[in-house]
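In order, the protein sequence lines correspond to chains R and Z.
Residues 1 to 70 in the numbering used here are what the first sequence lists, from first letter to last.
Residues 1 to 448 in the numbering used here are what the second sequence lists, from first letter to last.
Just so you know, these hints were derived from the structure itself, not from any lab.
There's no promise every hint is true.
Coverage of chain Z stretches by chain R, computed from C-beta distances (three or more under 8 Å per stretch; other residues unrestricted) [claimed, not checked]:
| no. | stretch |
| --- | --- |
| 1 | 133-140 |
| 2 | 349-360 |
Residues of chain Z placed beyond 10 Å of chain R at every Cβ, according to the derived structure [claimed, not checked]:
| no. | residue |
| --- | --- |
| 3 | Gly164 |
| 4 | Pro204 |
| 5 | Arg234 |
| 6 | Ile307 |
| 7 | Ala343 |
| 8 | Glu344 |
| 9 | Thr380 |
| 10 | Pro381 |
| 11 | Gly435 |
| 12 | Asp436 |
The model shown is predicted, which means the values in this text are computed figures rather than measured ones.
All C-beta atoms in this analysis are idealised placements derived from N, C-alpha and C, irrespective of residue type, glycine included.
These are the residues of each chain, in order.
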Amino acid sequence: MAEVRAEMVANVWKVLVSEGDHVEDGDTLVILESMKMEIPVLAETAGVISKLHVAEGDVVQEDELIAEIS
Amino acid sequence: MFDSVLIANRGEIARRVIRTARRMGLKAIAVYSDVDADLPYVREADEAVYLGEPAPAQSYLDSTLLLDVARSTGAAAVHPGYGFLAESAGFAQAVIGAGLIWVGPDPAAIEQMGDKIRARNLMAAAGVPVAPGSAAPVADADAAVAEASLIGYPVMVKAAAGGGGIGMSAAFDDAALRKAFDTARSRAERFFGSPEILLERYLPRARHVEVQILGLPDGRVVALGERDCSVQRRHQKVAEETPSPGVSPDLRARMLAAAVRAGEAVGYQGAGTVECLVDTETGEFVFLEMNTRLQVEHPVTELVTGIDLVEQQFLIAAGSTVTFDASAPVVPTGHALELRVYAEDPKRFLPSPGPITAWSEPAGPGVRVDAGYAAGTTVTPFYDPLLAKLCVAGATREEALARARAAVAEFRVEGPKTNLPFHAELLDNAEFVSGDYDTGLVSRMRQS
Chain R
1 MAEVRAEMVA NVWKVLVSEG DHVEDGDTLV ILESMKMEIP VLAETAGVIS
51 KLHVAEGDVV QEDELIAEIS
Chain Z
1 MFDSVLIANR GEIARRVIRT ARRMGLKAIA VYSDVDADLP YVREADEAVY
51 LGEPAPAQSY LDSTLLLDVA RSTGAAAVHP GYGFLAESAG FAQAVIGAGL
101 IWVGPDPAAI EQMGDKIRAR NLMAAAGVPV APGSAAPVAD ADAAVAEASL
151 IGYPVMVKAA AGGGGIGMSA AFDDAALRKA FDTARSRAER FFGSPEILLE
201 RYLPRARHVE VQILGLPDGR VVALGERDCS VQRRHQKVAE ETPSPGVSPD
251 LRARMLAAAV RAGEAVGYQG AGTVECLVDT ETGEFVFLEM NTRLQVEHPV
301 TELVTGIDLV EQQFLIAAGS TVTFDASAPV VPTGHALELR VYAEDPKRFL
351 PSPGPITAWS EPAGPGVRVD AGYAAGTTVT PFYDPLLAKL CVAGATREEA
401 LARARAAVAE FRVEGPKTNL PFHAELLDNA EFVSGDYDTG LVSRMRQS
């Protein structure tokens with residue numbers, strides 16, 4: 001299982017996947033926004049989204065869990 | 001002269017404007033959102049009024065709220081800084097409609113220059129060179145492909161109402177153009193409230209050089225030299241210098257004359273900046289856009305001319321005479337650099353908000369720091385990542401670079417990651433040091 005975590009404090013602008021979706025390595029999972037910049041969060045492994053921890057509009061802290069891929 | 005001014009902004013630029021306002025004996029009124037209450041500019045204002053929630057739409061972009069504060073505090077004038085509502089013709093009009101002085105150009109000039117397509121057409125008509133590109137908004141991706149075949153690849157895709165490099169990207173073929181068009185359109189709608197897109201010939205080897213102008217109350221427009229802003233990441237400026245090492249005296253004379261014509265074409269009043277691209281292969285320049293406000297990097301011009309641009313803005317807004325002799329060309333002395341200190345990691349340039357635990361600014365001959373933060377304050381994710389502008393002047397470029405290296409080494413910020421290590425790297429980069437660089441410099445630094 002792979003965990004996808006936030007690299008910085010940010011607002012969750014877009015969530016592009018749902019639990020159960022199959023993703024490829026490099027797919028964009030969510031787009032964060034911080035300091036007027038959009039930061040795409042990518043899958044670093046192929047697999048199925050087993051758990052999604054954020055929704056659009058949430059604020060994530062640095063190192064907070066965004067999604068789990070198994 | 002009016003006696004008080006509301007500064008409709010935050011951070012370093014609010015502080016910068018407050019400093020000159022107070023020196024001139026004006027009452028400086030600041031506004032702040034929840035998360036900005038502890039910042040230095042709030043303390044240094046004569047009066048500070050709470051605005052609202054941190055989100056810009058509930059604070060610094062809420063024109064109704066700002067006008068309420070202006071009324072309740074009895075402010076005589078409004079200075080917008082840069083960003084937020086600085087280039088909103090609607091806000092400028094509302095300020096004037098409320099019987100207050102707008103420290104900026106006529107709303108009509110803001111509107112004409114705010115639409116990049118209109119601005120291009122207007123400049124072309126005024127005899128200012130423009131790059132091959134759109135004369136009307138591009139309807140869809142198919143129309144973009146058709147237009148690109150006329151302009152010739154590569155093309156730059158931009159939001160007509162845009163700024164700050166957001167949503168902008170270069171395309172080298174049809175497939176990339178379709179993708180770039182869709183991205184630009186979605187960002188244009190989201191960030192600028194207008195989906196209009198234009199294409200322009202993209203110059204892969206270009207310098208970004210801009211001219212500072214001042215439109216005087218008597219209708220004259222004067223140019224105060226140029227600034228080279230070619231050190232960019234994500235199409236956003238990171239460091240600037242004046243004079244530009246890539247501009248010959250002849251090119252400078254032609255650019256300054258074109259910038260004056262650009263200002264005259266819209267009856268420009270106050271401080272404005274005419275941005276151009278200089279093709280490093282042909283040595284020719286084209287108009288890019290005009291910023292109808294004080295520019296972030298204005299301090300480098302102040303350092304080589306000795307002219308306080310904010311003071312001139314206030315004087316022009318009041319219909320008074322500027323502090324320098326506008327009938328003779330302004331001759332700059334020495335060389336100046338500005339390094340933008342951002343809260344971002346120095347390798348990938350990703351934002352790094354957080355509390356500032358230590359902050360110690362450099363000082364010394366030729367060093368000026370315009371800072372928005374201090375120790376004990378917090379950088380939040382709601383606004384842009386600019387922490388401070390480290391500005392350095394010297395008699396020569398070499399001296400300015402040497403002083404800048406020492407100043408960067410001395411600047412201590414702990415807490416958020418900053419790009420200070422990037423600036424140290426830049427100041428030792430052979431291409432930058434040679435002066436012979438272009439807008440591709442930072443990406444080349446990160447590829448190697």
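Each hint, compared with the structure:
no.	hint	verdict
1	133-140	violated (count 0)
2	349-360	holds (count 5)
3	Gly164	violated, 7 Å
4	Pro204	holds, 24 Å
5	Arg234	violated, 8 Å
6	Ile307	holds, 30 Å
7	Ala343	violated, 7 Å
8	Glu344	violated, 8 Å
9	Thr380	violated, 8 Å
10	Pro381	violated, 4 Å
11	Gly435	holds, 30 Å
12	Asp436	holds, 30 Å
Hint compliance for this structure: hints 1, 3, 5, 7, 8, 9 and 10 are not met, and every other hint is.
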